[in-house]
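Enquirer: This is what each chain is made of:
Number of protein chains: 4
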Amino acid sequence: MKVGVLTSGGDSPGMNACIRAIVRVGISRGQHIFGIHGGLQGLLDRHISTLEARSVANIVHRGGTILTTGRSEEFRTTEGQKKAARILREEMFDALIALGGNGTMQALHKLQQYWDGLIIGLPGTIDNDVYGTDYSIGFDTAVNNAIDAVDKIRDTAQSFDRIFLIEVMGRHSGQIALHVGIACGADVIAIPETKTDLDLIAEKIIAGKKRGKSFAFIVVAEGDEEGDAHTIAQKLSTKIGEKCRVSVLGYIQRGGNPTHHDRILATRLGAYAIECLLKGVSGVMLGMINGELTATPLEETFTKKKPIDQWLFSLVDELSI
Amino acid sequence: MKVGVLTSGGDSPGMNACIRAIVRVGISRGQHIFGIHGGLQGLLDRHISTLEARSVANIVHRGGTILTTGRSEEFRTTEGQKKAARILREEMFDALIALGGNGTMQALHKLQQYWDGLIIGLPGTIDNDVYGTDYSIGFDTAVNNAIDAVDKIRDTAQSFDRIFLIEVMGRHSGQIALHVGIACGADVIAIPETKTDLDLIAEKIIAGKKRGKSFAFIVVAEGDEEGDAHTIAQKLSTKIGEKCRVSVLGYIQRGGNPTHHDRILATRLGAYAIECLLKGVSGVMLGMINGELTATPLEETFTKKKPIDQWLFSLVDELSI
Amino acid sequence: MKVGVLTSGGDSPGMNACIRAIVRVGISRGQHIFGIHGGLQGLLDRHISTLEARSVANIVHRGGTILTTGRSEEFRTTEGQKKAARILREEMFDALIALGGNGTMQALHKLQQYWDGLIIGLPGTIDNDVYGTDYSIGFDTAVNNAIDAVDKIRDTAQSFDRIFLIEVMGRHSGQIALHVGIACGADVIAIPETKTDLDLIAEKIIAGKKRGKSFAFIVVAEGDEEGDAHTIAQKLSTKIGEKCRVSVLGYIQRGGNPTHHDRILATRLGAYAIECLLKGVSGVMLGMINGELTATPLEETFTKKKPIDQWLFSLVDELSI
Amino acid sequence: MKVGVLTSGGDSPGMNACIRAIVRVGISRGQHIFGIHGGLQGLLDRHISTLEARSVANIVHRGGTILTTGRSEEFRTTEGQKKAARILREEMFDALIALGGNGTMQALHKLQQYWDGLIIGLPGTIDNDVYGTDYSIGFDTAVNNAIDAVDKIRDTAQSFDRIFLIEVMGRHSGQIALHVGIACGADVIAIPETKTDLDLIAEKIIAGKKRGKSFAFIVVAEGDEEGDAHTIAQKLSTKIGEKCRVSVLGYIQRGGNPTHHDRILATRLGAYAIECLLKGVSGVMLGMINGELTATPLEETFTKKKPIDQWLFSLVDELSI
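Residue numbers (this note's numbering), protein chains in the order written: chain B, 1 to 321; chain A, 1 to 321; chain G, 1 to 321; chain V, 1 to 321.
Here chain B stands alone, though its shape is the one from the complex:
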């Protein structure tokens, strides 16, 4: 079988471990694996090269993606999708594995209409907002990067008795914010999935100060309905009567060596993708749900909304008394 692999959308730590597993398990089981460089646009531009076992040496521990990634305007058009299908046919591919987030799954879903090769999606995004897997590749690393950063800021917050707002990634999802907030002992977590009540938050911070809390942490998902961290900080500063500091963690969440968890998840999903292809599975995104490897129809992955863990979220108030 001739199998193409590409990474699309934002890069996420663990993508390399996943590519490595696809290549090596693929080769070990007699398949021919080809890298498509630069995401979907790379496919349209035929940036394709053979991947040998040695091509993926010494990458299991590296962040980013050796295949590079990118966003493609051309692929958004029906023209582009048909062209991609034509290229896949001309290059005689039997199967395509693509790592990415919601946008990538949507793209694969479109591609299915014009190409009848086997198509498998793998969830690679730090946002963890893809339905069909408990965790996406890169999420654990992103959260660990964020908590390392918050642990550092904590030293200053503590030394200064300050109120800090930490903005983490998540335009439509509070997954990172929720996990960072719980892991760092945030007093408040502001996410798009729930109503953010600034008056209530101000009251809570003031009450905490009175109870002897020396500093306060508020973790904000960038997509919160009350605005980004700078906006919320301004509003809260007025309400509390004390300047709130802001730190936007930004790109550092995305980088760095992947964690244990992401490397293992990536390796499992990569190996499983080969096993699924060999069984003729297609049109699905693979994932892990409750410890089991699963396959979810591509369409569901971007039409269904992944819920946040309500129980965990509800604990924030109790944990920060």
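There may be inaccurate statements among the hints.
As the list makes no split between identical chains, a pair holds if one copy fits it or if it spans any two.
Computed list of lysine to aspartate or glutamate pairs in DMTMM-like fashion (alpha-carbon distance at most 25 Å, straight line) [stated by the list, open to error]:
(1) K213 with D45
(2) K210 with E74
(3) K210 with D45
(4) K306 with D134
(5) K243 with D228
Keep in mind that the hints were calculated from the coordinates and are not lab data. For clarity, every value in this text was computed on a predicted model and none was experimentally measured.
Knowing the structure of chain B, use the given hints to seat chains A, G and V on it.
Expert: Structure of chains A, G and V alone, referenced to chain B:
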């Protein structure tokens, strides 16, 4: 309810996050939480103090355990166990929560015979060898510590074309070794659960060198049946005809700030422990299996053997071609 | 001798190691050391407590400052300065050691007019903009924090072929930017000490892309005369015709465990401060210049401008060909 | 000028940053730079390739050495040295820059007898035992790696009230041990340069415990005259009457991304090497002493002994009261 909390056996990163959750959720639900310092021996010595919400401020991110831990010879005797029960009665405790590994669960099981308060165990050990939970508190941090170390050694291995044996913790269990090995792209993983065939390993390393692999990694659990890393290195050096280097990771695996995963798991289990006590649950160890919070009778946790993930283990050969 | 110690201005990693050295070497040489909590305002509020050898246990490796810090409006007034002197007399202090940056040295200089006890300043600021020492306590940690962050962002920059602007601290000084830029292989370093020519920079980036450079890094000191990173990015995006990404590192630079270099420097300066006090030295800031412990009159430390290393700065263009 | 570059002996973090500076500054100043792969043996085997500006892209932050290194038996013989000289002549090299430790400087000194090209040595070794520079490339990273490890072990030591011996690198030198010991607040530092008195140490530990110190750290250089950490631990355990734990840090000290300090030092020395070659300087090792770039005759670098900082060493007892 008067609830005692203690940590026993080796410390593990995340214990503090768990203690914090127990204390704050406990207080928030009207309970009185007391810390027993120094493990089971601390109970026998009545090292007990009230834990307030502020007592557990700024510890969610710290490794180790603020309650300290220890091993107790006295508690191993029937005398000691009866004394512990008497003290719990005299101090008017209604419930006891203990964090630890197999030894701790065994101790709680003994204690049940002499004390009729509510008893809950929580799995806190880096070894992840306790039956009744997918992951124990501290395991993820330990594995991440180990892979950070291996990533560093990799620089030298690569610069030198060397064969390296890395010894990780696990006297009776290959859990850490398996995860570190997969996450670091080990060529070989030697664990007590499976037969370690040194001739086969030597052949594999030699064949890899011939195929162009520039260096080789072997991850060894300290309890492998062929011996520790130094012993195995000596045998392999002879078989391969090249000096194998050894690094024993040791205590660095146990320390450091807990990871995201361990802090969340610890927080969940701590909060759940309070919820279970309020429902009258007793005689169990709480855990998470396939994403669900679970309760396993204490006796099962140390009599049943936690299996390793055979599929993951079987991938090692394919992943290191 | 009764010696007061305080930390003032922004906290910087290594302050704790310095406090520890002052306390222990002080006690070991027969002195009585007292902590003044909350900076100069803490002095005005008489937040003073004895520091014993055990008070500074387990802090050598912690960021922040156990004495906490703060900015004091009151001390800026002559009234406040006289009050501080009166309190120092009433509390019978013989000497005062203060860690901080330029503002702190200015404050000590003022205090000299009203109090005749021994006064020693120690350079504790991540900005490294104090004249009278090659490095201030905290600078090395801040730069290492920043390069860790940049190394992470590099993964994404590389995966995406992007232009990145990294804003580091330094309102009046390019010290952090220069060191981060050289250490991370920046293509351009924009600092307040030198003219930043955006046309030239745009040309350079475009030329680099043509020569095959896959991505570009620009390190910007927050106080550059062309504006902060967001402002510069906007201007450059237009000139280059490609969106430039921005990451503001912010508070993470300030936190975290101090590095080897900062702990040693802090320990040396703390011990040396005691030795100097015992010799009756006063009115100076201690530092290390060219490997030698030195004492610079307080006034010079904030009136003289610390130069950047021109040779190092001049290498940037050659290093990024 | 045709300039060869090689790395020899153990690899050290920062070597890549140095190679990058040599290549890019060299090219920028019109020179032709060639990499010799695999150390001195690589020269004997003519493993030589051109280094372009792009050859050293994205390595400034990587540990290890892209040129790889190795030890060469052949070069130890007069035959080998003459052969190396012959190859350098045949390949028309004008100059050779070699990074390494004492052994490398000795090798360059030998080579001078048979080859009249320009020869420059650069100190690249984590041990910091080369005379002629305050710090060698890699030392700061190694010490920071070690203190990170010790900070982790501290969590366990604290939780358990234990005595810990940490063995760090340094067969003939206590430089790493001294810096790690001071930076981590060790109670005792055992190094080859000073007499290690186990009775005195035992007394000190016992007295510390009595004074309320909850745990003790002893940092041991592997080359201490009383033996390695395991040997010393055994002797001390008997004397103190309590089991001393041992952690041998080993190879993790050598790896990982270089620190700020090492990258800057490496960059400076690499650029300076080119400047020196262009001035016809030869037969020296470049270094930095008291903040100044210096050149020391090769012979002095391995015949003179680099002293440890006696004042710093003398502070240990006072700092650990």
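Enquirer: All hints are to be evaluated individually against the structure, with a verdict given for each.
Expert: Each hint tested on the structure:
Taking identical chains as interchangeable, the C-alpha atoms of K213 and D45 lie at most 25 Å apart only when they sit on different chains, with a minimum of 20 Å there against 57 Å within one chain. Taking CA atoms no more than 25 Å apart as the test, K210 paired with E74 passes between copies only; the shortest distance there is 24 Å, against 57 Å inside one copy. Taking identical chains as interchangeable, the C-alpha atoms of K210 and D45 lie at most 25 Å apart only when they sit on different chains, with a minimum of 19 Å there against 62 Å within one chain. In this assembly of identical chains, K306 and D134 lie within 25 Å of each other by CA distance both inside one copy and across copies; the values are 9 Å within and 23 Å between.
When the C-alpha separation of K243 and D228 is checked against a cutoff of 25 Å, the pair qualifies both within a copy, at 16 Å, and between copies, at 21 Å.
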